[in-house]
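First to last, the protein sequences are chains A and R. Okay, so the first sequence: first residue is 61 according to our numbering, each after it adds one. Okay, so the second sequence: first residue is 11 according to our numbering, each after it adds one.
Everything labelled a hint here was simulated from the structure, so no lab data went into it. All residues carry an ideal CB built from backbone N, CA and C; glycine is no exception. Careful, some of the hints might be misleading.
Cβ-to-Cβ under 7 Å is the rule here; a few derived chain A residues that face chain R [what the hints assert, rightly or not]: (1) D220; (2) W221; (3) G287; (4) N363; (5) A364; (6) S366; (7) A395; (8) A425; (9) I469.
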Amino acid sequence: MTGSKLRSISRVALLLVLVCAGGVLPVRGALGSGGVAASPGAGTSSTPGGVPPQLTAGDGRFWAGGAPVTLRGVYMPVGGSETRFDLIKSWNMNFVRLNWQWGQLEPNPPVNQGGGVWTHTYDAAYVARVRAVVTAASQRGLWVVLGNYWDRATYFNWPDWLYRAPYNSHGLTYPLTPEGKTLAETDYWSDPLRQQFMTEQLSYMAAQLAPTPGVSGYEVMNEPPWGTLPSTHETTQLILDSQLSAGQAIRAADPARVLFFMTRGYFGLGTPNADLSGFVAMGNVALDVHDYGGARWGSGFNNAGSSDYGEAGQAVLAPLNGNLDTPNAYTGSVASQLRWVQALLDALKPWGIPLVIGEFGDSTADPGIYTYFGTTTTGFNTLGASWAALWLSLVVDNETMALQPWAPIVIAAAGAPPP
Amino acid sequence: MPASFVPRWDAAVSFLPASGKVVLFGGSPNKPTETWQNDTWIHANGKWTKGPVAPAGLTPRGRPAMAYLPEIGKIVLFGGANGAWPPALADTWLFDGTAWTLGPAAPAGLTPRAGAGMVYDPDIHKLVMVGGTGLGSYNDTWLFDGTAWTPGPPAPAGMLPRSSFGMAYDPSMRKVVVAGGSGATDVWYFDGSAWSAGPSIAAMGPRERVRMDFDPQLGGIVMVGGIGPGFVTSDMWLLRAGAWTKVTLGTPWPPARLDGAVLWHPNTGALMVVGGVRDLGLDGSVGLADSWFFNEVAPQVASVTLSPTQPTENQSVTLSTGATTGGYGKLTTRYSWYVNGAVVEGVGTRSLGPQYIRPMDTVQAKAQITDSLGIVGPDVASAVITVADRAPALGQVSISPNPGFILTPLVAAVTNVRDPDGDPVTLRYAWTIDGLAAGTDSPILPPLGFHAGAAISLTVTPVDSWGMAGPVGIATDSIVGGLTGTNPRPGGQIYVSGTGFLPLEGVDIRLDSTSGTLIGTVNADLLGAFQATSFIFPSPVAGGPHTLYGKGKLSGIVGTGPITVVPGGSILPSYLPSGGSTTFTGLGFVPGEIVSASFPGGAVVQGPADSTGTVSLQPASPPEPWPSGTLTASAPSGTLAVGYTVISKLSGPTAGAPLSPATFSATGYGASETVNVSFDGGPVAGAFVTDPKGSGSLTLTLPSTFGTHTVAVKGATTGQSVSASIAMKATMTVTPASGPVGTVVTIDSGPGWVPGSTVHVEWGYGNIVKDLVADAGGKVHTTYAIPNTVPGKFNLWLVDTVLGQSAYAPFEVK
């Protein structure tokens with residue numbers, strides 16, 4: 061199930077802002093270091109202005125300056141006005157997720173030097189743009205997480221040169237067809253070369269941003285697609301292990317920042333069964349899931365008792381989002397949102413890994429969008445989960461930033477006291 | 011449903027009994043281009059039509075709770091969701107089949123919600139509403155009596171919040187049942203006052219977006235469709251008797267769906283499934299507008315036929331069934347067999363093995379079908395058949411020894427006894443002797459009633475264990491050997507002859523048994539026979555039939571022969587005068603029989619024969635002419651005559667006075683014989699002629715002198731003579747017989763003295779005081795003065811020295 065693949069992030073014009081690097085703050089939680097009380101806004105849903113204390117993750121929560129914090133914010137494209145951050149700050153939000161795009165960073169293929177050595181040509185301007193946006197956000201007191209997002213300007217979401225024969229271990233030039241794309245997604249998990257390239261660009265990114273203040277964390281991979289691999293724990297674990305490996309490279313490049321990872325797809329598939337011990341050992345990690353579930357029933361996973369409980373999402377699941385090709389109407393409920401989040405929290409509790417719902421949003425054409433944002437935010441807040449709403453669901457567009465009628469629901473939720 | 015019906019999520023459906031209508035209200039959009047609904051659809055007479063337009067307040071909504079409340083005769087609708095946030099629908103609406111009207115306001119605690127379950131609980135006469143989701147996820151209970159909502163009992167621990175779940179009232183349990191919608195498998199019962207845990211739906215797994223209702227045909231609550239675990243399902247589950255069972259899907263079958271309404275449609279007599287959302291495209295965008303009915307008809311076969319119709323006990327009986335009608339899903343047929351009306355335990359197949367049947371048993375089979383829903387059809391019974399029994403048979407029947415012997419048991423032998431069914435065979439034996447039934451039902455015939463020449467017949471009938479008789483076998487035999495004896499009198503002679511013994515062997519002849527009284531021993535000749543041989547028959551022996559037993563001393567062969575012991579007898583004495591009695595001793599009479607004995611013309615005397623056949627009687631002989639007669643003894647068993655000799659007899663006075671008349675009678679003389687009478691050997695003093703009985707009498711004058719005289723009578727013809735004595739004692743008189751001394755007494759005596767002889771008078775014996783001379787008439791007469799003496803009694807004597815006769819008379823001196 062790859063419903064999130066259909067979402068149209070590519071429609072968003074990206075505004076890349078380069079931000080200068082800042083210092084590394086001590087963290088607590090999984091990293092275990094004593095905390096300097098994060099300021100401002102630690103322990104609340106909002107932060108005052110100024111770069112907030114370094115975010116850390118541990119004991120099942122996010123921490124800043126030694127105090128637990130709940131992240132409430134938006135996920136938005138890098139491109140766009142800095143006033144967006146003022147706006148969301150005015151909504152009492154403290155968190156923004158930005159998309160980092162490999163396709164933008166490395167538009168040209170690397171050069172093989174032999175012996176497994178490749179020479180990459182990264183776009184320093186792109187890095188600078190990202191750094192600037194991070195700085196703009198963090199300086200407004202927002203915790204900023206950079207996610208390794210797809211580039212919808214490419215066919216395969218990652219740089220298209222990866223899908224030519226010289227640049228993948230399968231030696232394939234994948235056709236520009238849905239089948240070819242699916243095959244490429246499938247092969248990725250058995251493609252050391254592509255994974256090597258992925259890790260190298262992530263490591264590069266982290267190294268470039270490590271000096272930048274305000275980077276709260278990096279996310280290894282957005283909504284990892286699994287192609288035609290079976291929707292099983294083994295697949296989930298394969299993906300997790302790959303992310304762990306890449307994450308370790310990130311951590312090596314920038315030890316202070318929280319490492320965010322996903323399981324499989326967007327919905328946290330496989331979380332209840334996943335072996336997260338590697339991430340626990342790494343420490344200062346958090347799980348990101350994206351809520352585009354219909355929430356018409358249950359937890360969104362196949363029910364407990366199902367042989368693939370936790371590994372597969374329920375059918376009739378995707379009701380919404382900014383993709384008009386999934387013409388569903390949201391009629392979900394708080395009950396189901398609660399159950400989904402609770403299921404994830406229950407799964408993560410033994411690992412001590414905190415959860416963030418890093419994306420949730422709906423198609424503006426959905427007659428149930430009010431209910432969607434009402435039930436999601438009610439569910440998240442009820443259980444104290446951190447979240448980031450889809451910016452483009454709350455505003456008419458990324459330029460005017462006019463609020464959608466239902467945005468007050470999210471804004472109200474952002475300002476609601478923590479449970 | 012009509013084309014104008016927009017397929018939807020979250021429609022509420024309920025049955026309105028009064029009008030027999032199914033009412034569907036509202037629903038949620040499938041697509042972004044759609045919206046929430048507040049239309050009413052009514053199913054009646056097999057079709058859906060659009061109902062009344064909702065009033066202004068009854069805004070579009072999905073997932074309202076809806077159920078019929080008999081107390082007000084209306085459908086009650088509560089809440090729902092309409093896409094707005096925060097949830098605000100907590101209104102109650104009532105529908106009477108014609109129009110919606112606003113119901114009472116919800117109390118403060120009854121928060122807006124959608125996806126609550128609601129059902130009527132007849133035990134408390136209220137609607138029970140539970141769960142739902144609004145600003146939160148709920149597990150609270152609310153009751154509605156038609157007038158107001160009141161809080162129900164709190165949810166117990168473990169009763170999870172739920173929404174869009176199955177809820178129905180089970181009249182068999184008298185409980186409301188809640189299942190699904192919680193993400194878990196917990197099921198809950200509500201008894202009108204409290205919730206309690208019910209049977210888990212673990213077998214189906216967590217089930218969401220599902221509905222259910224009580225199906226009276228199935229006797230349980232039926233859950234149809236829903237999702238979980240995994241995918242949308244078309245499953246149907248039945249909660250009955252406290253357990254969930256999965257119903258096998260039939261063909262056709264409603265496609266998998268969520269949110270399909272499930273309700274029992276009383277007018278149709280079927281479970282109705284309406285609408286919902288399909289699982290196509292995994293996005294829930296395809297709504298359903300179909301209606302399905304599930305009507306259970308109890309399954310049954312048209313007929314049950316048994317084959318063969320006349321089985322033997324060695325055959326299996328197989329049933330075949332006619333066409334099956336009704337039923338649902340996998341049909342399980344329970345075959346039951348009845349033998350003689352009793353069920354055969356443990357046999358549930360289409361065949362009844364031979365081990366269960368026996369000849370003459372009645373066999374019947376029944377087939378009863380239970381379908382996958384547990385609906386049990388009627389028992390369809392076959393015709394009753396009867397197990398046949400084939401007759402047994404036998405080969406040859408023989409008797410040994412053949413010929414047989416008198417006292418040797420006969421033994422039957424039968425060959426090749428068989429029964430086609432393998433039944434145990436009993437041989438029944440019927441013996442006859444000379445055509446008469448004999449013996450018992452035994453292969454051995456005891457030698458009872460055997461006799462030489464007896465014809466023995468044996469009929470053997472084979473009978474199987476079920477009473478079936480086969481063709482009989484017949485054998486014959488004859489009895490050889492035996493004794494022939496004359497009918498003896500006890501103590502008399504008997505002549506016995508015999509056959510059938512070994513040559514030259516000695517044969518003991520005994521009476522009535524081989525160990526009875528030995529009559530004698532005789533040697534068989536070279537042919538094993540012996541001729542009539544005389545033996546003295548034992549005495550006493552009871553009269554009547556007896557059997558002679560001859561037993562070969564070497565061979566042991568026993569031969570018998572019947573004899574009849576006849577009466578015999580004797581008298582003692584056997585010489586009898588007229589009037590004389592004798593003792594008759596009878597032998598050989600039948601014990602107990604009355605034996606009569608009498609002389610000719612004499613009195614009959616009777617007496618019973620004792621156990622030995624002996625009787626002793628004392629008959630008296632009447633006058634009979636000389637020389638003899640016959641005594642007759644008779645009894646039912648026979649009559650016999652015993653001869654005796656007549657003794658002549660003289661009867662007359664034994665004393666008399668001289669010259670006085672005396673009559674003499676005589677018997678035992680010849681008939682009409684002249685009989686002469688004489689005294690003292692003198693001449694015939696008289697004669698008479700006897701009568702025909704040989705008797706007669708004569709009166710004569712006695713002799714003239716005192717003393718004893720002999721009178722003799724003698725037949726002139728027969729010469730029989732009998733004599734007797736007659737005494738004529740001297741007598742005297744003294745007159746007076748007393749007086750003082752000196753009294754002169756007169757003494758007279760005679761006739762009787764010898765005339766002229768001297769007769770002494772004595773005073774006291776030997777004291778002759780006077781002599782007298784008898785006169786011619788033989789008389790004496792004198793007087794005598796009593797001498798001086800002392801008073802007392804004294805005798806006066808007359809003494810004749812010639813005759814030696816004397817007489818005396820007393821005198822008392824005073």
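Closer than 7 Å between Cβ atoms is the bar; does A/G287 clear it against chain R? Give me holds or violated.
Violated: closest Cβ of chain R sits about 17 Å from A/G287, beyond 7 Å.
So, A/S366 near chain R? Judge it on the closest CB pair being under 7 Å.
holds, 3 Å
Can the hint on A/A425 be confirmed by a CB-to-CB distance to chain R that is less than 7 Å?
holds, 4 Å
Supplied contact hint for A/I469, tested at 7 Å Cβ to chain R:
This hint holds: A/I469 lies near chain R, its Cβ roughly 5 Å from the closest one there, short of 7 Å.
Does A/N363 pass the interface hint, meaning its C-beta sits closer than 7 Å to a C-beta of chain R?
holds, 3 Å
Hint check, A/A395 versus chain R [nearest Cβ-Cβ separation less than 7 Å]:
Hint holds; A/A395 Cβ to chain R Cβ min 3 Å, cut 7 Å.
Is the interface hint satisfied for A/W221? The criterion is a beta-carbon contact with chain R at less than 7 Å.
violated, 33 Å
Using Cβ atoms only, decide whether A/D220 comes closer than 7 Å to chain R, and label the hint accordingly.
violated, 29 Å
Was the hint right that A/A364 lines chain R, CB cutoff 7 Å?
holds, 6 Å
Hints 1, 2, 3 from the earlier list are contradicted by this structure; the remaining hints agree with it.
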